[in-house]
Amino acid sequence: VTGTQMLGISLLLGLFVLLAGCYGLLYCLGRLRENRNLARLARTAYLLQGVTAGLLALSALDFWWKALLLASFVAYLPIPPLTWRLLENLHQPEESHS
Amino acid sequence: MFRSQHLALKYFTAAMTLFGIMVVAGLLASTHYVQDGFMLNRLDFSVVKMLHIDTMIIWLLMGFIGAVYWFLPIEFEREVEGIRLAEIMFWIFCAAVAVVAAVFIFVQYGPATETSLWLINQGRKYVEAPRWAAIGITLVVLVFVYNVVATAVRAKKVTGIMAVLMVDLIPLFGLYLIAFPSITNMSEDQYWWWWLVHLWVEATWEILIGCIMALALMQLLGTSRRIVEAWLFIEVALVLGTGILGLGHHYFWIGTPSYWLGIGGFFSALEPLPLLGMVVHAVYDAGAHRMKTTNKPAFFWVMAEAFGNFIGGGVFGFMMTLPQINLFTHGTQWTVSHGHFAFWGAYGCGVIAVIYLALQKARDAQHLESTSWKWSFALLNIGLVGMVGALLVSGIAQAFYERAMGGSTLQAFMDAQNNVWFVQGIVMRLVFGGVFAAGYFVLMYDLLTIGRRRTAAETLKPRVAGGPA
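Chains as they are written, first to last, in this note's numbering: chain A, -6 to 91; chain B, 69 to 537.
The reader is advised that the hints may include incorrect statements.
Unchecked claim - Residues of chain B clear of chain A, computed beta-carbon distances all greater than 12 angstroms:
| hint | residue |
| --- | --- |
| 1 | M107 |
| 2 | K225 |
| 3 | L343 |
| 4 | A350 |
| 5 | M482 |
Said to hold, decoys possible - Restraint-style ranges between C-beta atoms, simulated for each label pair:
| hint | chain 1 | residue 1 | chain 2 | residue 2 | range |
| --- | --- | --- | --- | --- | --- |
| 6 | B | M254 | A | G(-4) | 23 to 33 angstroms |
| 7 | B | R110 | A | G(-4) | 37 to 47 angstroms |
| 8 | A | A32 | B | L153 | 37 to 47 angstroms |
| 9 | B | V495 | A | E27 | 24 to 34 angstroms |
| 10 | A | G(-4) | B | K193 | 27 to 37 angstroms |
| 11 | B | K117 | A | A68 | 49 to 59 angstroms |
| 12 | A | A64 | B | A305 | 13 to 23 angstroms |
| 13 | A | R36 | B | G191 | 47 to 57 angstroms |
| 14 | B | T85 | A | A32 | 20 to 30 angstroms |
| 15 | B | K117 | A | A64 | 37 to 47 angstroms |
| 16 | B | K117 | A | A32 | 42 to 52 angstroms |
| 17 | A | E81 | B | G323 | 29 to 39 angstroms |
Since the hints were made in silico from the structure, they are not lab data.
Yeah, the Cβ is synthetic: ideal placement off N, Cα and C, and Gly gets one too.
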């Protein structure tokens, strides 16, 4: 890895996780406010994360790191909806009780 | 209020004082970067850096201990067992910290003998306290463990949160013992030393703050025990699952076998996943309660904790955790940038949130609100983000010019230190450090005054109800 490649890759890696965070945050806000635009923005953030993963797949990283990044890109997708559903299930008995 | 809650308030006071010393030492250390020969032979960089880092660890530890002493009687509905001993240990702890700080400032270093190890400095980064003080800290932690376990035994009751906490206290105490041996082989020494540093920070402290936040959420938002405990168990599993072997990212370049490159990189890459779950949880809770709370400062600091942990630990950590990148970035200001953000996000914000919670009860305030908490919140967080941004710029310049282009030679190091990007980043770090320091002073003012002035409704209410005014 050269200096320029190192800079590009590390910035893409940071962006990769940041976009995952944006996806999670926008997904939650979309659900909270029942706002389709926010849900669309969440999907866009996830797609951009996919673009970042694609760029990283073309980078000078070793094969196994690329594979790990692509696998973790897939793993990020269900985290917000699954966590949300889990939280709803946890909260439901309390809410119905109150 | 219980005696242990009074003790908790003392711990919080000590923690906030040490937080201030950490800020001052940090400002002095960053001035060293900007001005050559600053306080030369009086307070060298090595000394102020040591003060900065050690006070950071101790103020957070005191904050955690204070938080547990605050919540213990609420959890067990009784006074903490051995509270007298705990009160004595608090003063011993404070005296030891004061003596060690005085030795660091006025004596600084001694000859390479056993006497220096015992009386002046153990010489191991983050745990430099001389051996007598390290033994004192061990005793304090032992008494703390006894307080928690004995209270649970006496109460004949163990909640899920307390069970996790008690299990966590074993490695919290045990790992600190690694501070003692003086191993002369550098690789071997670093191998074990990282157990202490990493497994404290990315495993046992994470669980400890998880337990504290679970207890805080029940008090702050009235979230049910079932929910916080279920979520705590999931988070503990995920944090330990990724964090323990994430230790490997410290083993890349210290002379350990090359398989650590794969193990460290793999588990480090997974570390942001549970952090994303925490962000989702924070937003869900904020929405479920429609941002309505009687303690806004605590609520906002809890939110800052979730997001700060994700960005500081997750985003900034992931930028440099894969071995091919870490080869260039380790040990530069880039790492410092990540460290500042992660510690603040994961721990600093959480401790401040708990202090606000405790103050609401201690001052019997129905609503905790002020203008100054907003100022301190803004100044501290803007200052912190500015600092880590500036350090990131300097770190990138170092990684690029010194490591990647210059091949890590002494000349390359010197060239990078004079590089315009590095220098400007370092200057801006000092500027934003000033903003952060201003935020600290406003925070202290707010902590001293918030909730003391009653609204007319609050003053009248007990009288109408016939309670004590």
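Results of checking the hints against the structure:
no., hint, result
1, M107, "holds, 35 angstroms"
2, K225, "holds, 22 angstroms"
3, L343, "violated, 8 angstroms"
4, A350, "violated, 9 angstroms"
5, M482, "holds, 18 angstroms"
6, B:M254 <-> A:G(-4): 23 to 33 angstroms, "holds, 28 angstroms"
7, B:R110 <-> A:G(-4): 37 to 47 angstroms, "holds, 39 angstroms"
8, A:A32 <-> B:L153: 37 to 47 angstroms, "violated, 56 angstroms"
9, B:V495 <-> A:E27: 24 to 34 angstroms, "violated, 47 angstroms"
10, A:G(-4) <-> B:K193: 27 to 37 angstroms, "holds, 28 angstroms"
11, B:K117 <-> A:A68: 49 to 59 angstroms, "violated, 39 angstroms"
12, A:A64 <-> B:A305: 13 to 23 angstroms, "holds, 20 angstroms"
13, A:R36 <-> B:G191: 47 to 57 angstroms, "holds, 53 angstroms"
14, B:T85 <-> A:A32: 20 to 30 angstroms, "violated, 47 angstroms"
15, B:K117 <-> A:A64: 37 to 47 angstroms, "holds, 40 angstroms"
16, B:K117 <-> A:A32: 42 to 52 angstroms, "holds, 47 angstroms"
17, A:E81 <-> B:G323: 29 to 39 angstroms, "violated, 50 angstroms"
In this structure, the hints that do not hold are numbers 3, 4, 8, 9, 11, 14 and 17, in rising order.
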